[in-house]
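Asks: Here's the letter readout for the chains.
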Amino acid sequence: MAVPVVKMENISKHFGGVEALQSVDFVLNQSEIVGLVGDNGAGKSTLIKILSGVYQADSGTIYIDDQKVEIEDPHTAIQLGIQTIYQDLALVDQLSVVRNMFLGKEFRRQGLGGVFGLFNTREMENKTSDILDRLGVRADYGFLKQKVQKLSGGQRQAIAIGKTMITPPKILILDEPTASISVKERPHILTLVKRLKTQGISSIFISHNLEEVFQVADRVVILSRGRVVGDKIVAETSNQEVVKLIVQF
Amino acid sequence: MTSAHDEQSPAQFSPDPGGRSFSKKRGVGFEQFGLFMAFVGVFIIISITSRILRGDWVFLSSINLFNILLHSSMTAIAAVGCTMILVSGNVDLSIGRLVSMTGIASVYIANISNSMIVGLIGGLCVGALVGLINGFIVVHLKVNSLIATLGMMSILLGLVYIVSHARSIPLKVSAMNWLGTGYVGPVPFPVIVTFGIYLLAYYVMNRTIFGIYVYATGGSNEAAIRSGIHINKIKFITFIVSGVTAALAGVILAGRLNSGQPRSAAGFELEVIAATILGGTSLSGGEGHLFGTIIGVLLMGVMANGLIIMDIDPFWQHVVSGIILIVAVYFDQRRKERT
Chain G
1 MAVPVVKMEN ISKHFGGVEA LQSVDFVLNQ SEIVGLVGDN GAGKSTLIKI
51 LSGVYQADSG TIYIDDQKVE IEDPHTAIQL GIQTIYQDLA LVDQLSVVRN
101 MFLGKEFRRQ GLGGVFGLFN TREMENKTSD ILDRLGVRAD YGFLKQKVQK
151 LSGGQRQAIA IGKTMITPPK ILILDEPTAS ISVKERPHIL TLVKRLKTQG
201 ISSIFISHNL EEVFQVADRV VILSRGRVVG DKIVAETSNQ EVVKLIVQF
Chain A
1 MTSAHDEQSP AQFSPDPGGR SFSKKRGVGF EQFGLFMAFV GVFIIISITS
51 RILRGDWVFL SSINLFNILL HSSMTAIAAV GCTMILVSGN VDLSIGRLVS
101 MTGIASVYIA NISNSMIVGL IGGLCVGALV GLINGFIVVH LKVNSLIATL
151 GMMSILLGLV YIVSHARSIP LKVSAMNWLG TGYVGPVPFP VIVTFGIYLL
201 AYYVMNRTIF GIYVYATGGS NEAAIRSGIH INKIKFITFI VSGVTAALAG
251 VILAGRLNSG QPRSAAGFEL EVIAATILGG TSLSGGEGHL FGTIIGVLLM
301 GVMANGLIIM DIDPFWQHVV SGIILIVAVY FDQRRKERT
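Line by line, the protein sequences are chains G and A. For reference, each letter of the first sequence is one residue, going 1 to 249 in our numbering. For reference, each letter of the second sequence is one residue, going 1 to 339 in our numbering.
Just so you know, these hints were derived from the structure itself, not from any lab. It is possible that part of the hints are untrue.
To be verified - Quick partial rundown of chain G residues pointing at chain A, CB under 8 Å, derived from the structure:
hint: 1; residue: Gly60
hint: 2; residue: Tyr63
hint: 3; residue: Ala90
hint: 4; residue: Leu91
hint: 5; residue: Gln94
hint: 6; residue: Arg99
hint: 7; residue: Glu106
hint: 8; residue: Gly111
hint: 9; residue: Leu112
hint: 10; residue: Val115
hint: 11; residue: Leu118
hint: 12; residue: Glu123
hint: 13; residue: Met124
hint: 14; residue: Phe214
In this text, a Cβ means the ideal position worked out from N, Cα and C, and glycines have one as well.
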């Protein structure tokens, strides 16, 4: 039986006179990948920004693991186990893979070194290697030391995802994860997203590319003009039906 | 645990999609090696040229080499703070005037207290205070650091002349004079201080969490904030460090000159910033290395010394500094475009 990890009920949000979301209900179950689709201005970004604490809903209720929560800011969202990877990835180009992975969460050395703010390079490298291995990224020593600016779009996306795995999230929101990477690397990212599911992570996959959504998602939620106009099990629907729902409202 | 290697269709990314083999030696290390080789080249050229023009090897004499190190030590010390602040994405133009100000302040305080230690601490506190004010203006009042520190440069220039009545203030504490002119064995004391400062700063920038945060703040404010880094705190600290290192240079200079002089350190900020950028620190933040900075400082020191030894008008040194600054920024921008 499906166990909901996120339940958003009657979520509404206005920006001035524009109704970005109108009484939206959204559910994400344990170890499920939900594709969130819709045209530009459908309300996808607004909905995930409410869940990740960037915006606050005007009305409605959010439950995480059946507990009612107030997500006041991104920090609260992270504490609740919600991690978001935005399109721009938020990586520091000039820093190495390891330093990006641990940015803000560095392992301190034991004893006096830790008091003086020294970090534990070896432990961070081992952990990075371990996480990237789980994500299917072959990471030798040279790769770990590599500056992020020298990596391909797919590798950067993998690092951004890996970064969220330092403290594994319960809920991962991926905003257009394949938008800025080459066509050749896209299948790798999709495989990587599917692998997260096997590790018990529930994901929201936002994309304009329905083909990709159908490859990774278990369920697809369709938004149009701030309302949910469809909620379909991927195995029981088709690309055409989803497109029809997107455009008919 | 699921391994990438035992799955049917793992998401494989090779370490390098282009098939090149990256090693630890690539990147910053490679650039620093290039700069080091440039330094060696300039050193050899000046050695040979001065030999031809003068007929002796005075450039390579130990007295002259220590003189280069001594002359470069103040620039080198201030360049530590300059490197940190540029890496954090800001700039501090008040360094030169702060050197004059702290030189005068430390002489005043030392003379009044008759103590070198009190004079030294007083000078450093003035530097830290100015750094704190610069940090406040940039971080809290959101004034661009170029403008904020340009304004501070003018304020300090005025204050220096007001406080000193535009006259030199003789130093009456001989121990403080030793700070700038003393030797430990054959090595000038300021050179030892410089070495110690670089060791400490290298460790801070490359081995501590704070160092990572300085690079992250300059590299991407947004990424740093989203990672939970208090970038304002980091910026504040870098301004204070810049103030303190400039102050230390000021105290040593006052010791060398045996006085606090309002006209000392004119154009010093240009020299420090040029050497730092020449050393590979990026004007746009996030990149820089203290090894590069010290090589940049020494390169400029060797060139300045070479001009003097070859009997070329020493004012050409300013021309050379300006050209180096422009060329270094040009190459920095070209490098950015490539990446």
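Asks: Identify whether the interface hint at Tyr63 of chain G stands, where standing means a beta carbon of chain A within less than 8 Å of its own.
Replies: Given a least distance of 25 Å, the restraint on Tyr63 of chain G is violated.
Asks: Have a go at the Gly60 of chain G hint: is there a Cβ in chain A nearer than 8 Å to its own Cβ?
Replies: Cβ of Gly60 of chain G sits 25 Å from chain A, so the hint is violated.
Asks: Let me know if the C-beta of Arg99 of chain G comes in closer than 8 Å to any C-beta of chain A, holds or violated.
Replies: 6 Å, holds
Asks: Have a go at the Leu91 of chain G hint: is there a Cβ in chain A nearer than 8 Å to its own Cβ?
Replies: Where the cut-off is 8 Å and the nearest Cβ of chain A is about 6 Å from Leu91 of chain G, the hint holds.
Asks: Classify the hint on Glu123 of chain G as holds or violated, based on whether any CB of chain A lies nearer than 8 Å to its CB.
Replies: Hint violated; Glu123 of chain G Cβ to chain A Cβ min 13 Å, cut 8 Å.
Asks: Next item in the hint list is Glu106 of chain G. Is there a CB on chain A closer than 8 Å to its CB?
Replies: 5 Å, holds
Asks: Holds or violated: Gln94 of chain G as interface residue toward chain A, Cβ cutoff 8 Å?
Replies: 4 Å, holds
Asks: Would you settle whether the hint for Phe214 of chain G is holds or violated, based on the nearest Cβ-Cβ distance to chain A being less than 8 Å?
Replies: 17 Å, violated
Asks: May I ask you to test the interface hint for Leu112 of chain G with respect to chain A, counting a Cβ-Cβ separation under 8 Å as satisfied?
Replies: Violated, about 13 Å.
Asks: When the nearest CB of chain A is found for Ala90 of chain G, is that gap smaller than 8 Å?
Replies: For Ala90 of chain G, the interface hint holds, since the closest Cβ of chain A sits about 4 Å away, which is under 8 Å.
Asks: Against chain A, with CB atoms and a cut of 8 Å, does the hint on Val115 of chain G hold up?
Replies: 11 Å, violated
Asks: A closest beta-carbon separation below 8 Å is what the hint needs, so does Leu118 of chain G meet it against chain A?
Replies: 5 Å, holds
Going through the hint list in order, the structure does not satisfy hints 1, 2, 8, 9, 10, 12, 13, 14.
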